[in-house]
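Chain B: place on chain A using the hints.
Chains as they are written, first to last, in the numbering used here: chain A, 1 to 672; chain B, 1 to 672.
To be clear, the hints were calculated from the coordinates, so they are not data collected in a lab.
C-beta atoms are modelled at their ideal positions from N, C-alpha and C, and glycine is treated no differently.
Take the hints with a grain of salt, since some may be wrong.
[What the hints assert, rightly or not] Pairwise CB distance ranges (calculated):
1) N290/A - D236/B: 53 to 63 Å
2) N335/B - R22/A: 37 to 47 Å
3) A232/B - T68/A: 51 to 61 Å
4) R22/A - A204/B: 33 to 43 Å
5) R22/B - E467/A: 39 to 49 Å
6) D220/B - A232/A: 40 to 50 Å
7) R315/B - E467/A: 50 to 60 Å
8) E467/A - A223/B: 21 to 31 Å
9) S252/B - R141/A: 35 to 45 Å
10) A232/A - A204/B: 54 to 64 Å
11) D106/B - R145/A: 50 to 60 Å
12) S294/A - P336/B: 49 to 59 Å
13) N290/A - N335/B: 53 to 63 Å
14) M313/B - D236/A: 45 to 55 Å
[Said to hold, decoys possible] Using 30 Å as the maximum straight-line C-alpha spacing, the simulated BS3-like pairs for lysine-lysine come out as follows:
15) K280/A - K412/A
16) K412/A - K98/B
17) K93/B - K412/A
18) K93/A - K98/B
[Said to hold, decoys possible] These stretches of chain A come out as covered by chain B in the derived footprint (C-beta under 8 Å, 3 or more residues):
19) 313-327
20) 516-527
Number of protein chains: 2
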Amino acid sequence: MIDLQYVPQDEFARVLALEADRVRKTALFADLCRLNALYMITRAGSGHIGTSFSCLDVVSWLYLNELTAADVFFSSKGHDAPALYAVLTALGKLPFDKIHALRRLDGLPGHPDVATPAIEANTGSLGMGLSKAKGMLLANRVLGREGRAFVLTGDGELQEGQFWESLLSAANTRLGNLTAIVDHNKIQSDIWISRVSDLGDLEAKLSSFGWHVARVDGHDLGAIARTFASLASAVDRPKIVIADTIKGRGVSFMEGTALRPDDRLYRFHSGSPDDETYLKAVPEIVERVNAALSSMRAAAVRLESLPRPERPMPRRPQRLVAAYSRALVDHAGRNPRIVAFDGDLALDTGLLPFEAAYPDRFIECGIAEQDMVSQAGGAALKGLLPVVHSFACFLSDRPNEQIFNNATERTKVIYVGSLAGLVPGGPGHSHQCVRDIAALSAVPGLVLIEPSTEREVDMAAAYCFAETTRESCYLRLVSVPWDVPFELPADYELLEGRGVTLVPGRDAALVAYGPVMLGEAVQAAELLRDRHDISLAVVNLPWLNRVDRIWFASVVRDVPALFTLDNHFIHGGQGDMLLRTLAELSLPNERVVRRLGVTDVPVCGRNDEVLRAHGLDAAGLCDTIVATLALRADPANRRVQKDPPYDTEVGRVLSDPADRRVQKDPPYTVTK
Amino acid sequence: MIDLQYVPQDEFARVLALEADRVRKTALFADLCRLNALYMITRAGSGHIGTSFSCLDVVSWLYLNELTAADVFFSSKGHDAPALYAVLTALGKLPFDKIHALRRLDGLPGHPDVATPAIEANTGSLGMGLSKAKGMLLANRVLGREGRAFVLTGDGELQEGQFWESLLSAANTRLGNLTAIVDHNKIQSDIWISRVSDLGDLEAKLSSFGWHVARVDGHDLGAIARTFASLASAVDRPKIVIADTIKGRGVSFMEGTALRPDDRLYRFHSGSPDDETYLKAVPEIVERVNAALSSMRAAAVRLESLPRPERPMPRRPQRLVAAYSRALVDHAGRNPRIVAFDGDLALDTGLLPFEAAYPDRFIECGIAEQDMVSQAGGAALKGLLPVVHSFACFLSDRPNEQIFNNATERTKVIYVGSLAGLVPGGPGHSHQCVRDIAALSAVPGLVLIEPSTEREVDMAAAYCFAETTRESCYLRLVSVPWDVPFELPADYELLEGRGVTLVPGRDAALVAYGPVMLGEAVQAAELLRDRHDISLAVVNLPWLNRVDRIWFASVVRDVPALFTLDNHFIHGGQGDMLLRTLAELSLPNERVVRRLGVTDVPVCGRNDEVLRAHGLDAAGLCDTIVATLALRADPANRRVQKDPPYDTEVGRVLSDPADRRVQKDPPYTVTK
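Here chain A stands alone, though its shape is the one from the complex (with noise of 0.2 Å):
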């Protein structure tokens, strides 16, 4: 158990307060605030040391001497958070504390989140950053107040057309109080952006657009005080500053620069450094801020420490996109007209086996859903078998069009979402995707899918491939490794539209799919039955938008309840499609019936801080279906309501603690 340092506030407070030219203390500030950044991702567990590092010059320039109370400054591409956070806390404008708590409920979200001061918008999903800055300038002009916007972006994110979309206009009004910075670390995700897909002539491009562009090295904070006093000279016209800057800057072997040309990845981009990794980098920081403290006079610096807390790791973990990784391989190993796309998350969507094993088979298309979905499609028209990959939450509402369009060619893609659901909980919820099951629900042709366990994927990716799957398909995955407390039957055979019982229960039945709720509920149905007597069948249906209806009619028929529980949420999901299949069955029913899932916004925290604040933890869940029960079982509650807004319950998702427990449907109590 090692001691993780971090920089006081008195600390900040005491170099700020020094005696020596901005830039040298600036310099001093950015590597003050690496120290804590490094700290805050270490004692989270995950987050992003690379970019944090290579923008931070940059960005504790424009708070200590650029920045007004007037304007605005916001990161479009987000995961630089915990460099944001240090520079925040540091002055005072985000509670110190909270560097305890990066990625933790009530703490700072893994992506930025207007719910946090001093955080002016909510950003994570690449390329709308500008597009949101022109909106609040717009505001300006409207209610007659002053100010400038200034817009951090990353460089991989230019390859989303949003960005270049976002160009035009601002050149044409001529908003001159628009400032962008690019982020230029060459290195996306954890590879070259020359290998993924070329930026080219980046200063041509940004001047054809009719923008002002400035170009300097984002480490010399003398070139960039020059850089931003420079700018004032382009009155009427947006502006641009390509910062060449060096990911993982600050500690020599975090370097994108110490990477050589031939390593496939760099190891820093997501994730925390080791124990020994820590203790290495530590050092480095620290002798160069003793320097510069000792050539400004001043006393070395004084750090605090806590134990780095202990991380529960799964025993026995499914890890279900290792699963697919093997199956995608075996089966283009059959089929030479499968063909695999990436958008720029080969490491995390398991293609880098497919890519060894079939080069030529492998397009990388970088950060460009749209485009990368079309692609697909126009391979699908003439022959091949496009398997598109990317997170959940942007394969299924980016290019949601262009899916759509794709269907109405009658080609078969198939597309596989992976980070799917509520956890991991640390990204925030611009990853964590619980709105891909309504938004791709009225995809014509489309099959929807999510297994359970690496059997399961096995199952569902030869059903995906199968020459006989004329549909198109949707495999959902989920992508954090998860211990589940079930197995699936041995003789389990997948078969559309049905399930399978892993769980026998009388009084209850319990449908879900996916490792994540599957897990939860088995547990819950434990608890029901040693506390309450209860006994809840758990019933796993991996088809999200299929379901036979002769094998639901068995489910259902001699239960006194129905619940149905989404990883999604509760409108659009699986839920809506079984309540909705069971009234068409016009069973005698005078059933409990209720819908469990998410109902708001998902919180960032800890997977199991996440679960438990929206209720659908194995006790969450176990105390929704006793008070369910009971409340159904006094004829008095037989009322009916309305449907609840999401607004009613974000007040208390968000707020009091002692109201987690409820964060789902309401009570079965007339709330009008």
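This is chain B only, laid out in the frame that chain A set:
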């Protein structure tokens, strides 16, 4: 009743057989195609003359002189389809008689569809073309085939982010066999591009993305010949030809150059000419054609003709967009925080009066929906009440993730999606929006409303703009003027989640929304009463994702059958919400329950044809309701079945007209 003239196929054969140099012959061919494109559009009653005429010289050149059997050509903008159809029918690549069936069922769809011979891709939603072509060329590489791809794009289309997204990888992979042609006619929809979102130095932009750029007068066929010949030199670079064209080229008074700089609108973008205009246009082209023929010592052109079809016009139609247009100006007068965003559809979405009244609060974003929605989000963060406008098909899907991102910031944004639903049926499935309810159903805090009459539009607008409405709203508007056979009760009030009974009934209740489906339902109720002695209640519920359970229970409690009717896919629409709610009510339920709505990709045709094809006209609804009640009356049919995959229905919708009546849920018999 005037006659409409067209060039018969044998005349094309005669012209193509003439001894003449290919430049002059191609110019002549293009003019003949202009006559047939004008014929098709005038006969159909709608279509895009301006863009069809501007691209015809280039498209004719490609088909007559450039394309080989291995090459692929398609238009990304898609609304120039009449030009493409004119060329394809003239060359026998498409059955010639189809020219009489533009925008008719089983004819030629308003936007290209691969179900039509010689059509390579489904286009019409902008910006996807180059991506699709890259996928096709990828397939050639993987499958070891030869062939080039030529893609025609609009110039307004270049505002779409996906276009720029698609440029990068083509340059990086040195895709030398890809050629894009920009039909640069300078006018997008009805307005000068320079007034919407100026493209600036287009050549510099495109060159900076690594493409080989050529520029040519798009009506000088000699120059076009030289330009395409010159492209071969750029062996390993993707090529883009900027063709400077004139919108409406070929008929003097239809040419964009005839537009005075201060004219707000170009009149020949869409729609069809009246008799007088048509009769004035044809002789101009014929005269030029005959001059060319005589210069080739050939006889004058022989035209055939057919009478212009009668077009039944609504007598006293409800015009919902016009009503919304008035309401917006009205509310904006009382709330200075209201700003309106337009995505290059100011005319169609009713924004011209607002623009005239509040020019400083009107933001024209061009064809850039993602940028538009994120701008609105930024404006909302800084205190404005943004109202975002586009066609429902583009607003709900293209910026789907941006709408969710705004929702996570808990701000209020009003989205207004017009052209919603199955009709008008002429433009085709890229514009027939029947997915938006599902795509937006899981956006937290977003209320979806569809009014059915001008009066209900006023009520819905009042709800959306009210200070007391804290949630964001999506106002779904049918655009086509529609005669409705019902009136809302004089004492009707819009109450969240509650509807109103338009026709009382005791044997079954049908819940629907909007002018089209409510209109058909009310007529179906009359047919059921008169022909079958069945008493059907018709209920209007304008709330698409909210239902008051107390009210709904009162609607369904005493009827033996419940039907829901969506102007949307049956999956993810209002019907799903109502059936789910019915299950949650746990009422004794032996009642017949059935969702009616769209079950497959919308077909293209005249409005009455489209409604009939999907079984959603009054007669189709009547038949289905009778059949359902009869089937369910027979206990032998009380068996359950599987939820139908869409594809089982596809064949029927698109093939045998005899089956058209049953294009809804399958009959209640076992399908397995």
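_Pairwise hint evaluation, K412/A against K280/A, where the allowed Cα distance is 30 Å at most_ = Measuring from Cα to Cα gives roughly 50 Å; hence the hint is violated.
_Check whether the Cα positions of K93/A and K98/B lie no farther apart than 30 Å._
68 Å, violated
*Note whether the CB distance of N290/A and D236/B lies within 53 to 63 Å or breaks it.*
The hinted range 53 to 63 Å holds for N290/A and D236/B, with Cβ atoms some 54 Å apart.
*Take a look at whether the Cβ-Cβ distance between R22/A and A204/B falls inside 33 to 43 Å.*
Holds - the Cβ-Cβ distance for R22/A and A204/B, about 38 Å, lies within 33 to 43 Å.
*Coverage of the stretch 313-327 of chain A by chain B, judged on three or more residues with CB within 8 Å*: violated (count 0)
*So does R22/B sit 39 to 49 Å from E467/A, Cβ to Cβ?*
Given about 46 Å between the Cβ atoms, the range holds.
_Tell me if the beta carbons of D220/B and A232/A are separated by a distance inside 40 to 50 Å._
47 Å, holds
*K412/A and K98/B: Cα distance at most 30 Å?*
Satisfied, since the Cα-Cα distance of roughly 29 Å is no more than 30 Å.
*Can the suggested window of 51 to 61 Å be confirmed for the beta-carbon pair A232/B and T68/A?*
57 Å, holds
*So does D106/B sit 50 to 60 Å from R145/A, Cβ to Cβ?*
58 Å, holds
*Check, residue by residue, whether the stretch 516-527 of chain A contains three or more positions whose beta-carbon lies closer than 8 Å to a beta-carbon of chain B, and give the verdict.*
Our answer is that it is violated, as 0 residues pass the Cβ test (under 8 Å) against chain B, missing three.
*asked:* Between the beta carbons of N290/A and N335/B, is the distance compatible with 53 to 63 Å?
replied: 58 Å, holds
In the structure shown, a violation is registered for the earlier hints numbered 8, 10, 15, 18, 19, 20, in ascending order.
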